[in-house]
Amino acid sequence: MPLVPPYIESLRPYEPGRSIDEVKKAYNLDHVAKLASNENPLGPSPRAVAEIRKHLDGLNFYPNGGLDLRVRLAAEFDLKVDNVIVGSGSDGIMSNIIRTFLCDDDEVLTTESAFIGFQVLARSRGVAYRTVPYQKWHYDLEALAAAITEKTKIIYLANPNNPTGTIFSKQEFDRFYKHVPERVLIILDEAYFEYAQDNHRYPDSMHYRYDNVITLRTYSKIYGLAGVRVGYGFAHEELIMNLMKVKLTFEPSSLAQVAGVAALDDHEFVHRSLELNARGRRLITEGLRQLGFEVVPSEANFVMVPLEDAATASFLTEELLKRGLIVRQLGAFGIPHAIRISTGTDEENNRLLEAVASIHLKETEHAVSRTSR
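The sequence shown lines up with residues 10 to 382 when you count with my numbering.
Calculated from the structure, these hints are not laboratory results.
One thing to keep in mind: the hints can contain errors.
What the hints assert, rightly or not - Calculated pairs, SDA-like style, for lysine to any residue (alpha carbon to alpha carbon, straight line, at most 20 Å):
| id | residue 1 | residue 2 |
| --- | --- | --- |
| 1 | Lys145 | Gln180 |
| 2 | Lys33 | Phe324 |
| 3 | Lys43 | Glu246 |
| 4 | Lys162 | Val141 |
| 5 | Lys254 | Ser367 |
| 6 | Lys331 | Ser97 |
| 7 | Lys160 | Thr109 |
| 8 | Lys33 | Arg360 |
| 9 | Lys331 | Glu357 |
Whenever a hint applies, use it, and build me the whole structure from the sequences.
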């Protein structure tokens, strides 16, 4: 009998995007912009940072399991504390969901090329992992509904979706939900919720407080706290009660908790972040389209660019790295011919477009040269 189960042996560990320091050393660069991991280019919430500094002297004490943050989130969203869970990022809570609710004969259902973090977590449980194709880079909720079987236990939906940036609408979700049995748990991953919430088509899950739906959100994106690792979830108290049985006793950390409480009041920072993102997303989308690229319409803080093939995606990614611009090729997600570009500062977004235009011209001239020989 093998020490490691075959479903673990066959997994590939999650590979984070390349760091700024790594790229500086590899390419001998002084200035590098990281536009690969959907981070906030403005940095962390100033209120959160100030609160972290205040609590550095208390690191010898154990955290209280996130109770203070649960209380604050319950008040913010008009819920009972029993409806709220917090953890080490939303993917930390996702891990607890996998551990809590899946049995050996259950199945997980989602779209193809779903968020890589969920793919790894779900496959690590050794249950059947089933997908349906995208429909023009959107979730095909009709096909997902038709794919539900007696063994389906969890359906994972990310809205906005990572890596495509697309959303499904209220109408689409309402139609879909009518076909989902009560025994099936729907994970609504809303890590990019803040970027889409003003879209009138967007189905904010707080308006869908169903017994078999759990909402996941994070502080990693709009609040700029990816390095602190804090996320939260909303669900029926029975679901939360069972998740609390398996979550790590002392997560999130005390610093993550105080940062999370403080960040909720940092409205000015959130407003600036949203304005910068909207400006950057529009600039990158329009600029790349003018250069002849397909850009998938996005409601998040990134855009996805499908290219001719994986080789073209690799070439563009490498050429941008040489110019100090880190983007993400999506091979790990299952879309090797596409890249994902996060919005940056105004200066970084303009640098990106100038670099892509230069690379595009260089490749076009090279193709013409080959043809004329």
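Hint check:
{"no.": "1", "hint": "Lys145 x Gln180", "verdict": "18 Å, holds"}
{"no.": "2", "hint": "Lys33 x Phe324", "verdict": "19 Å, holds"}
{"no.": "3", "hint": "Lys43 x Glu246", "verdict": "39 Å, violated"}
{"no.": "4", "hint": "Lys162 x Val141", "verdict": "16 Å, holds"}
{"no.": "5", "hint": "Lys254 x Ser367", "verdict": "55 Å, violated"}
{"no.": "6", "hint": "Lys331 x Ser97", "verdict": "34 Å, violated"}
{"no.": "7", "hint": "Lys160 x Thr109", "verdict": "16 Å, holds"}
{"no.": "8", "hint": "Lys33 x Arg360", "verdict": "17 Å, holds"}
{"no.": "9", "hint": "Lys331 x Glu357", "verdict": "15 Å, holds"}
Comparing the model with each earlier hint shows violations of hints 3, 5 and 6; every other hint is respected.
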